[in-house]
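**Q** Sequence:
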Amino acid sequence: MTTDFRLAGHLGLSAPDRPLLAHLGRSVDPVDQIDALADHGFSGVQDLFLKLRPAAEQAAMAERMTLRGLNLSSFGGDPMRWNLPFWSAEDEVGREAVQESITASCALAERFGVAGVVCVAGLDPDRSRGAQLVAMTENLKRNAETAARRDLTLLVEPIAETRIAGLLLNRLEDTLEMVRTVAMPSVRLLFDTGHVAMMGHDVPSALAMSAAEIGLIQFADVPDRVDPGLGLLDWTAILRQVADQGYRGMVELEFEPVDRTAEGEANMLGRVRGLCTRLDPGSL
Numbered sequence: 007m008t009t010d011f012r013l014a015g016h017l018g019l020s021a022p023d024r025p026l027l028a029h030l031g032r033s034v035d036p037v038d039q040i041d042a043l044a045d046h047g048f049s050g051v052q053d054l055f056l057k058l059r060p061a062a063e064q065a066a067m068a069e070r071m072t073l074r075g076l077n078l079s080s081f082g083g084d085p086m087r088w089n090l091p092f093w094s095a096e097d098e099v100g101r102e103a104v105q106e107s108i109t110a111s112c113a114l115a116e117r118f119g120v121a122g123v124v125c126v127a128g129l130d131p132d133r134s135r136g137a138q139l140v141a142m143t144e145n146l147k148r149n150a151e152t153a154a155r156r157d158l159t160l161l162v163e164p165i166a167e168t169r170i171a172g173l174l175l176n177r178l179e180d181t182l183e184m185v186r187t188v189a190m191p192s193v194r195l196l197f198d199t200g201h202v203a204m205m206g207h208d209v210p211s212a213l214a215m216s217a218a219e220i221g222l223i224q225f226a227d228v229p230d231r232v233d234p235g236l237g238l239l240d241w242t243a244i245l246r247q248v249a250d251q252g253y254r255g256m257v258e259l260e261f262e263p264v265d266r267t268a269e270g271e272a273n274m275l276g277r278v279r280g281l282c283t284r285l286d287p288g289s290l
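Just so we're aligned, residue 7 is where the sequence shown starts under this note's numbering, counting upward by one.
Hints are computed from structural coordinates only; laboratory data are not their basis. Only a predicted model underlies this, so the values are computations on that prediction, with no experimental measurement involved. Backbone N, C-alpha and C fix where the C-beta goes; we use that ideal spot for every residue, glycine too. Some hints here could point you the wrong way.
Ranges between beta-carbon positions, derived for each pair [to be verified]:
| # | residue 1 | residue 2 | range |
| --- | --- | --- | --- |
| 1 | Thr242 | Thr109 | 38 to 46 Å |
| 2 | Glu98 | Ala214 | 38 to 46 Å |
| 3 | Ala154 | Ser33 | 33 to 41 Å |
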């Protein structure tokens, strides 16, 4: 069996000054972190805070990523509204705000090349969940063609209730139904192993169930979103399933290393490579 896992590292999850390789890079500056990711064999960059960065910094990042041969795997669609009922808007003003957000995301995708934007939705306690799921589905469908024309993928991510409460999409099944209903290649599932496991799923089985809808995969172990190999998940089975279903996209390492030192980050990279090497010596 041949595998080819192209890894992407993040420039910060809980905050923009806490990137994956904070201590292996020259600094936490995004350009220095892009160099660190390239130096350690990564293929891509994830930046949840990209939309909040000044235009000059975005331009410097795009230039360095091109120079180092890295791609933008994903960025946060609405970093200031990710936990609000933004995507489930039913009124004209709300729908226009969604469209404006997608237009801004398309501009970033054009600057960095083909990219995915993460779509997370908060729950409005005063409206039924079912109505909000329908509204989000319609908003995705309304913007799917614009995204497709401009090489942007709308990545819909379910978040485990036990990890972050109060979000609309907290079940894998609801998200799969949403993506299947939109039925556009520009709207895909963001499959996070940690969140899916915390929802109570067997991760390899959930991967198989979701194979046709997946646009991006993120790796994290459980409990508490730890480094792959330090938790409870069966990574041999997960990696084998990803390979067997022919996934060829980026794999984001979406966790903060347990050991926040240069040595700890180096050990984390070694463990991730070791997991893949045990599956297939030629994989990484």
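**Q** State for each hint whether it applies.
**A** Now for the hints, and whether the structure bears them out:
Taking the beta carbon of each, threonine 242 and threonine 109 are about 43 Å apart, inside 38 to 46 Å as hinted. Restraint check, glutamate 98 to alanine 214: a C-beta distance of roughly 41 Å satisfies the suggested window 38 to 46 Å. For alanine 154 and serine 33, the hinted distance range of 33 to 41 Å is satisfied, since their beta carbons lie about 37 Å from each other.
Hint check: no violations occur; every hint is consistent with the structure.
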